[in-house]
Amino acid sequence: MSSRRSSRSRQSSGSSRISDDQISDLVTRLQHLIPELRRRRSDKVSASTVLQETCNYIRNLHREVDDLSDRLSELLATTDDNSGEAAIIRSLLNY
Amino acid sequence: MNTYNMVKQEFIKKWITTLHMLDSSVEHPLNVTERKNAIRLSSDIAMAATRSGATIWSRALISRTRKYTTTCKPVAHRILKKARNRMKNRCTTITRNGIFGAKMRVRKRTELLKSLVPGGELIYDKDYLIRETLDYIVYLQAQVDVMRTVAAIDSVTRDLS
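Chains A and B, in that order, are what the protein sequence lines are. Heads up: the first sequence at position 63 corresponds to 63 in this note's numbering, and the numbers run straight through without jumps. Heads up: the second sequence at position 9 corresponds to 104 in this note's numbering, and the numbers run straight through without jumps.
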């Protein structure tokens, strides 16, 4: 408990709506998922930082899906009837 | 095979199905924008269907995409969402300092997170929101990985033909 008395964690304990236990659980699991958080120690990361990095990560993934949709539509634009390529893709993805 | 690979494989099967469904329901030929929207739409539906009805985000995503036919504009929707998020970030920087700044930051960023996760605005319990977020991220990553693979394969086969 005494480790939570540092100035950084004072911001996230009690007064915020997310509890410390939830934060440490969230940080542990997010650290596996989010590159930005992997290099920071869990006791030094504040609630707002975790939320911010999570939001940034989700936004980047959204943007990437959008860009990939763009790219795929351009790649497929030249031939409408690309049953040959579709067959190749399908067999390559059947792992 | 680990869980993540199973998710990706399931997503691929669902995506092929949704692509076929959309393909047979639209009028060919499509222009690039219509094709892009169809690809995006089918991908999102497939991602939500892979998770099926067990999470709020997957149900919200399905109901959100149901509103759009291929002639509508999911792209405009995203642009509007991004604009709204930029406004929220501007409000956050004003109250950056002090303890009240910290509370405000957490609250603002929680609101932001709710707007990014489908159905997030319906979730009041913080613990639930966090669990939905973690679940959603895994499936988002799978969607991106698969689409990236398909785009790479497609450009390679194109170079070879």
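Keep in mind the hints are simulated off the structure, nothing from the lab. Backbone N, C-alpha and C define an ideal beta-carbon position, used for all residues, glycine too. Be aware that one or more of the hints could be misleading.
[Said to hold, decoys possible] Quick partial rundown of chain B residues pointing at chain A, CB under 7 Å, derived from the structure:
no.	residue
1	M101
2	L117
3	K131
4	I134
5	R135
6	M199
7	V201
8	L207
9	K209
10	G214
11	M242
[Unchecked claim] Cross-link-like lysine-lysine pairs, in silico, BS3-like; alpha carbons within 27 Å at most:
no.	chain 1	residue 1	chain 2	residue 2
12	A	K44	B	K103
13	B	K203	B	K221
14	A	K44	B	K209
15	B	K109	A	K44
16	B	K108	A	K44
Worksheet item: Any hints this thing doesn't respect? Which numbers, in order?
Response: Failing hints, ascending: 1, 2, 6, 9, 10, 12, 15 and 16.
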